[in-house]
Amino acid sequence: MIAQPGANMTEPLDKFIEAAAVTLALPLDEAWKSAVKTNLEVTLKHAATVAEFKLPDEVGPAPVFKA
Amino acid sequence: MAPVPTETRWSTATQIAAAVNAGEVSASAVIDATLARIARLNPSLNAFTAVTAERACAKARALDATRDKKKLPLAGVPFAVKNLFDVEGLATVAGSKINRAHPPAERDATLIEWLEAAGAVLVGALNMGEYAYDFTGENVHDGPSRNPHDLTRMSGGSSGGSGSAVGGGMVPLALGSDTNGSIRVPSSLCGIFGLKPTYGRLSRARTFPFVVSLDHLGPFARSTRDLAISYDAMQGADSNDPAHADRAPEPATPQLPRGFDGLRIVVAGGYFKKGASPEALEALSRVATAVGAKDEIEIPETARARAAAYVITATEGAALHLDRLRKQARDFDPAVRDRLIAGAMVPAVAVTKAQIFRRWYREQVLKLFARCDAILAPATPCTAPRIGQQSFTLDGIEMPVRPNLGIYTQPISFIGLPVVAVPVPLKPLPIGVQIIAAPWCENIALRIAHALETMNIVAAPTPPALGG
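Here the protein sequences line up with chains A and C, keeping their order.
Here numbering that gives the first Met the number 0 is used: position 58 in the first sequence is 57, and no number is missing along the way.
Here numbering that gives the first Met the number 0 is used: position 299 in the second sequence is 298, and no number is missing along the way.
Possibly wrong hints are sitting among the right ones.
Stated by the list, open to error - Restricting the straight-line Cα-Cα distance to at most 35 Å, the calculated cross-link-like pairs of lysine-lysine (DSBU-like) are:
1. A:K36 / C:K96
2. C:K272 / A:K36
3. A:K53 / A:K32
4. C:K293 / C:K272
5. A:K32 / C:K69
6. C:K273 / A:K36
7. A:K14 / A:K36
8. C:K273 / C:K293
9. C:K96 / A:K44
Unchecked claim - Covered by chain A, per the in silico footprint, the following chain C stretches (three or more residues, Cβ under 8 Å):
10. 294-304
11. 317-326
12. 338-344
13. 354-362
Simulated from the structure, these hints should not be mistaken for lab results.
In this text, a Cβ means the ideal position worked out from N, Cα and C, and glycines have one as well.
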């Protein structure tokens with residue numbers, strides 16, 4: 000399950016963003032952090048909306064590799 | 000055929016080709032007039048980022064010297080392309096500062112080659128939102144392309160220059176891309192016709208991508224017939240786009256006279272009416288009444304489909320640009336950069352979940368087409384917002400403009416359905432309606448659009464301030 004960001008997620012999300020930027024070797028200026036966080040919150044909210052919808056295990060992802 | 004004057008500003012591509020083929024006007028005269036018009040209007044509309052005058056004049060002269068040009072359905076028709084298409088000799092900037100350092104393209108995009116093979120003449124490249132991650136038509140590097148009906152308003156994005164150039168009478172035909180709505184949103188805001196074909200129908204070879212699993216290319220025009228003729232000219236096999244479907248061309252132009260008799264047309268309810276402005280609902284009502292669409296249909300889980308498209312877009316887009324984000328983050332439009340950095344941080348499980356949902360959603364929507372042939376829905380929630388406007392209110396909730404102008408287009412392109420966006424000429428600003436068909440049934444959406452145009456329900460209005 001993907002947690003939907005809320006008030007109690009603020010600090011963990013800040014830490015996650017800091018860690019992800021280092022891990023992914025992405026620059027993250029102090030001035031950008033607020034906008035990056037807002038965008039990540041919105042995207043994670045959408046991800047949680049999708050993830051909470053239960054589907055059978057047999058439903059495969061849409062893009063299928065063709066040899 | 001109505002006579003075509005030497006002033007071809009508001010002529011359709013069909014009229015121009017007929018006049019050139021009949022010898023009433025030369026291709027060179029059409030192109031000279033077009034280039035003069037671009038020079039006059041572009042300081043206001045800011046639709047073009049490059050004008051290929053020398054090439055266009057040479058092509059026109061060659062056409063005028065061709066004896067069998069009558070076989071060419073787009074003889075002498077000027078067109079322009081969103082600047083993510085490769086144009087030989089130009090760097091493919093895709094609305095960015097970063098790509099300006101790229102070497103010039105060595106060969107035109109496939110769709111340019113095929114339109115020129117049909118007699119059309121490329122006159123330039125068009126403004127767009129950076130890397131196509133945009134619904135506004137604004138660009139921090141090149142400035143915003145402007146709405147021809149009100150220069151203080153957005154053209155819509157990300158193919159904003161395409162909407163502005165066609166709606167403003169600079170060219171009768173343009174090409175753009177549509178990942179989540181970037182053909183249909185500018186069509187709606189600029190009051191023109193746009194076709195987003197089925198995913199995989201038209202080759203994307205030699206264009207700069209955004210989200211490969213969602214990217215489509217297609218035409219803008221001021222008439223349905225022009226959409227159909229250009230679409231037919233661009234169909235064909237091309238192994239250079241891995242997603243291109245192995246299907247024989249299915250010409251739509253001969254189908255246009257069939258109209259909508261016998262077609263079951265319904266209106267999308269629920270999600271597609273929630274948040275729509277009175278103008279969007281009025282436009283939808285006019286179209287639905289004209290085609291006798293009385294029944295509403297509920298497309299299941301549409302909000303979730305939009306959410307899934309959002310996740311895939313953010314993450315695939317971030318993957319595409321990861322290296323540029325690492326090395327040149329400061330050269331991005333900050334609004335695009337911050338979305339892409341956030342997209343890079345989304346866990347992979349979210350993307351896989353979105354792709355799994357996509358499979359399920361596709362199956363549910365395809366079942367609906369057993370009960371209908373076409374679905375009508377608004378193209379945008381409102382008419383063109385003002386340039387620079389950051390937020391608007393939909394269904395009583397204030398939300399940012401940039402990602403939400405495409406709330407009605409995103410759940411449709413998510414599963415690659417073909418759509419014709421038709422302009423309803425409301426005053427003072429036009430607004431579009433989507434005619435959505437089953438996969439590979441572009442001809443059905445085009446037939447309905449053509450019939451509505453014949454009935455004067457939909458039309459590309461001449462902007463009052465630019466009509467002279």
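Tested hints:
For the suggested pair K36 of chain A and K96 of chain C, the alpha carbons sit about 24 Å apart, so the restraint of at most 35 Å is met. Between K272 of chain C and K36 of chain A, the direct Cα distance comes to roughly 31 Å. Compliance with the 35 Å bound is thereby established for this hinted pair. Of the supplied pair hints, the one linking K53 of chain A and K32 of chain A holds, its CA atoms being roughly 33 Å apart against a limit of 35 Å. Straight-line distance between C-alpha atoms of K293 of chain C and K272 of chain C comes to about 15 Å, which keeps the hinted pair within the 35 Å bound.
Between K32 of chain A and K69 of chain C the alpha-carbon distance is near 60 Å, which puts this suggested pair outside the 35 Å criterion. As the CA atoms of K273 of chain C and K36 of chain A are separated by approximately 28 Å, the hinted pair is consistent with the 35 Å bound. Our distance criterion of 35 Å between C-alpha atoms is met by K14 of chain A and K36 of chain A, whose separation comes to about 11 Å. With a C-alpha separation of about 18 Å, the suggested pair K273 of chain C and K293 of chain C falls inside the 35 Å cut-off, and the hint holds.
Taken as a hint, the K96 of chain C and K44 of chain A pair is honoured in the structure, with Cα atoms around 31 Å apart against an allowance of 35 Å. Counting residues of the segment 294-304 of chain C whose beta carbon lies closer than 8 Å to any beta carbon of chain A gives 3, which reaches the threshold of three, so the coverage claim holds. With 3 residues having a beta carbon nearer than 8 Å to a beta carbon of chain A, the segment 317-326 of chain C meets the requirement of three or more and the stated coverage holds. With a cut-off of 8 Å between beta carbons, the segment 338-344 of chain C has 6 residues touching chain A; three or more are needed, and the interface restraint holds.
Counting residues of the segment 354-362 of chain C whose beta carbon lies closer than 8 Å to any beta carbon of chain A gives 7, which reaches the threshold of three, so the coverage claim holds.
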